[in-house]
Amino acid sequence: MDTNKNNPALVWIANLSFVIICFIALFPILNLLLSSFRPSSELMRNGISLTFDPSMLNLDNYTYIFTQAGDYWTWYGNSLAISALTIVLSLFFSSMVGYALAVYDFKGSNFFFVLVLFILMVPFEILMLPLYQLMISMQLINTYTAVVLPAIVAPIAVFFFRQFALGLPKELMDAARIDGSTEYGIFFKIMLPLMTPSLAAMAILQGLNSWNNFLWPLIVLRSNDMFTLPIGLATLLTPYGNNYDVLIAGSVMTIVPIIILFIFFQRYFISGLTVGGVKG
Amino acid sequence: METSKSTNTNLAAEKRPNKFLEIINSKKVVPYIFVSPFVLSFIIFTFYPAIRGIIMSFQSVLPGQVEFIGLSNYERIFNPTFYKALSNTTIYVILTVTILTIIPIILSVLLDSKFVKGRTFFRASLFMPALASTIVAGMVFRLMFGETDTAVANQIMNWLGMESVEWRYNAWSGMFLMVILCSWRWMGVNILYFLAALQNVPKELYEAADIDGAGRVQKFFYVTLPFLKPVTIFVVTISIINGFRMFEESFVFWEAGSPGNIGLTMVGYIYQQGIQQNDMGFGAAIGVVLMLIIFVISIIQLFLTGAFKRGDE
Chain W
30 MDTNKNNPAL VWIANLSFVI ICFIALFPIL NLLLSSFRPS SELMRNGISL
80 TFDPSMLNLD NYTYIFTQAG DYWTWYGNSL AISALTIVLS LFFSSMVGYA
130 LAVYDFKGSN FFFVLVLFIL MVPFEILMLP LYQLMISMQL INTYTAVVLP
180 AIVAPIAVFF FRQFALGLPK ELMDAARIDG STEYGIFFKI MLPLMTPSLA
230 AMAILQGLNS WNNFLWPLIV LRSNDMFTLP IGLATLLTPY GNNYDVLIAG
280 SVMTIVPIII LFIFFQRYFI SGLTVGGVKG
Chain Y
17 METSKSTNTN LAAEKRPNKF LEIINSKKVV PYIFVSPFVL SFIIFTFYPA
67 IRGIIMSFQS VLPGQVEFIG LSNYERIFNP TFYKALSNTT IYVILTVTIL
117 TIIPIILSVL LDSKFVKGRT FFRASLFMPA LASTIVAGMV FRLMFGETDT
167 AVANQIMNWL GMESVEWRYN AWSGMFLMVI LCSWRWMGVN ILYFLAALQN
217 VPKELYEAAD IDGAGRVQKF FYVTLPFLKP VTIFVVTISI INGFRMFEES
267 FVFWEAGSPG NIGLTMVGYI YQQGIQQNDM GFGAAIGVVL MLIIFVISII
317 QLFLTGAFKR GDE
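Residue numbers (our numbering), protein chains in the order written: chain W, 30 to 309; chain Y, 17 to 329.
Among the hints, erroneous ones may be present.
Stated by the list, open to error - Lysine-lysine pairs mimicking BS3-like chemistry, simulated, CA-CA at most 27 angstroms apart:
#: 1; chain 1: Y; residue 1: K35; chain 2: W; residue 2: K218
#: 2; chain 1: W; residue 1: K199; chain 2: Y; residue 2: K43
#: 3; chain 1: Y; residue 1: K44; chain 2: W; residue 2: K136
#: 4; chain 1: Y; residue 1: K130; chain 2: Y; residue 2: K35
#: 5; chain 1: W; residue 1: K199; chain 2: Y; residue 2: K44
Quick caveat, the hints were computed from the structure, so don't treat them as lab data.
So that you can see chain W by itself, here it is in the shape it has in the complex (with noise of 0.2 angstroms):
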């Protein structure tokens, strides 16, 4: 709205009301990293508290899980993995496929895209049953390869690298087949650098989405050295609360990362997780 007659009283309400959704947005954050320098069995018996003694404050937690914490490790090590390589293999196939949508007329090109809205639409707790039996016939139960496969063709991906290849510019590949390049040559050596801007949404939006996966992995990954960070932390959420040391310091180091990551990427970022707003 316009500049020219703002009431000096709806620019503070509006300013405060910002400065409060901000605390509310970052409080459980903020939290999250002063309650790592807690005394785990303190902050396991009065929970995350706005009074406690900063004297207590120390390095134990983050001690302990660099020097005995070998399992936090361990799933450290199977989160990476499994998304880097869902990062890759999503994105080797999902560009393929929105660029042959985008660029070539060819008989069923719609309906292929049709499929691709459709599949979007159908969620995959759905599926997840006869997936499951799926993998145990064929013998992926806690493998990587279980977590992975169905993944591999995102249709968000597709959908989202199709929008942007319409948008590149087909002269060059009219141009590069005079020159004799093969239609592999054209997608891998001059339209999918041209992707780059979408291939790094996407990379942050399957990267995130296989980081912070939960219900999937819980099913087909079956013993601790083969659980990911979300799986394994949420292991440790025992009512007993023995844990508590890696559990905090441990989420902080989930999340630690991804921050960095934001904070130098945020445009991707959000072009990335707005694309579908779809949770993996």
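Once you've looked at the hints, dock chain Y against the given chain W.
Showing chain Y alone in chain W's frame:
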């Protein structure tokens, strides 16, 4: 004549591998090769499981012993636990959709106006919660809403002169925990949807409204809101579907089971029956019911927006 013929066949023989490459590289074939991973993945990981799920819902599935049992899985569905899961999920959907639509509209209009300073900072910090996984965020909420008087939530309650609450053990507060966790995580993303839509409102319309002497509130209702209709339908739809898919927000507070099923959701019920109790046929039947609910909602959305316009928003 003879020689030229033989050279021709020789040429053809030499060219055969090239011919294969030619077909592989022809503009008619290439798109299908590019699309093939999608087709394969669709058949194996969507179409087959969907059919299999429907078949399974009519079966009793035990290891090494699959039996067709007609509609009895569906007959068993209509039990108190299912109604509890359905009502929990429905209440959760209504609450999250309301909160995650109305508040983001108001905040995005404020954030879009010129009189808020430091918009980039606000935008970034509102977005931050979406980066944390439900498990990590839920763990923090669990510790903030602990049962003791020393946990943040109860400290605030006491400070306001109210009794401490055992947040995870009452029906109303259990629902409150799940709703607040989801709202906290997705508020910022939804604000961004509305902000993007607000960029498209032509500024001339506000000028025209000014000339007609419209006030701020009138401008909001008669100029801004109609322009937000498509994005609102989109946000409402994905919030409804995400609401019906909810599982983690419940799992993180109660793991396997909540007292009196106060946190049981539809997907939680599928997980409990299908995975934990290994009653796959019954779990599949619940899945089919959930699919029908989501299908009806999607159809309604398509009618409201005009088919498949999702990309324009």
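How the hints compare with the structure:
no.	hint	in the structure
1	Y:K35 / W:K218	23 angstroms, holds
2	W:K199 / Y:K43	14 angstroms, holds
3	Y:K44 / W:K136	9 angstroms, holds
4	Y:K130 / Y:K35	64 angstroms, violated
5	W:K199 / Y:K44	17 angstroms, holds
Hint 4 from the list above is the single one not met by this structure.
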